[in-house]
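Here the protein sequences come in this chain order: V and P.
The end of the first sequence is residue 427 by our numbering, with every number in the run present.
The end of the second sequence is residue 1000 by our numbering, with every number in the run present.
To be clear, the hints were calculated from the coordinates, so they are not data collected in a lab.
Please note: incorrect hints may appear among the correct ones.
In silico SDA-like pairs for lysine to any residue, Cα to Cα no more than 25 Å straight-line [claimed, not checked]:
#1 987/P with 334/V
#2 987/P with 389/V
#3 987/P with 420/V
#4 926/P with 372/V
#5 369/V with 984/P
#6 960/P with 356/V
#7 987/P with 372/V
#8 987/P with 407/V
#9 997/P with 350/V
#10 987/P with 408/V
#11 321/V with 992/P
#12 383/V with 987/P
#13 960/P with 370/V
#14 926/P with 408/V
#15 395/V with 892/P
#16 926/P with 317/V
#17 987/P with 396/V
#18 369/V with 932/P
#19 987/P with 398/V
#20 383/V with 934/P
#21 987/P with 315/V
#22 382/V with 932/P
#23 926/P with 320/V
#24 926/P with 407/V
#25 997/P with 400/V
#26 321/V with 974/P
#27 321/V with 934/P
#28 987/P with 371/V
#29 941/P with 415/V
#30 987/P with 381/V
#31 926/P with 420/V
#32 321/V with 931/P
#33 987/P with 379/V
#34 383/V with 982/P
#35 947/P with 415/V
#36 987/P with 332/V
#37 987/P with 385/V
#38 369/V with 917/P
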Amino acid sequence: DGGITQSPKYLFRKEGQNVTLSCEQNLNHDAMYWYRQDPGQGLRLIYYSQIVNDFQKGDIAEGYSVSREKKESFPLTVTSAQKNPTAFYLCASKNRDRGPNSPLHFGNGTRLTVT
Amino acid sequence: GQQVMQIPQYQHVQEGEDFTTYCNSSTTLSNIQWYKQRPGGHPVFLIQLVKSGEVKKQKRLTFQFGEAKKNSSLHITATQTTDVGTYFCAGQSGTYKYIFGTGTRLKVLA
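Work out the full structure: start from the sequences and follow the hints.
Have a look at this one:
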């Protein structure tokens, strides 16, 4: 079955450590996204990538970094510079060939807790 | 920057009552999408509206896009316990950038 896989489901880290969240898709989608979800604040866009080797900052990119070396993969690194990293992180992808009106497909998310 | 607000933030209804959530954008949208996120789950696409004044229905759900393409609404008739979750609107900003609303969390009391 095609889909988006985020791993792990739960992740715990000590403050000051960088951590990388995995996102893999086998939907052959060109565009991929990272959103952060906090209670009462909806989904906020961190980074997005329209094509391999290219990505753009979203609204809250500070303290995060991404890479897009392969079409299937869009890992997100939460660096020690991110002041409030504890959150639910959602990865999504989109079929660019279907034009701008196609929907986002989400993974199951990774819940990151930093203490 | 562009903002998309939703009201109310929370809504508790008795099963069988109607429910409406409203979405307002600070800028004109080329289209708007609606998603549902069940508790503990991830957002799942419901529908997309593109035309000014467009109305679409999915069984008990009715979606509207405002004439000015800056607001939208989702109305659920006769809610059921399966409707529980958080409903998000998402406005398109640029070709591939989507800005999500703050969401409305719906709780249905049996």
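Exercise. Looking at the structure, which of the earlier hints fail to hold?
Worked result: Structure breaks no hint.
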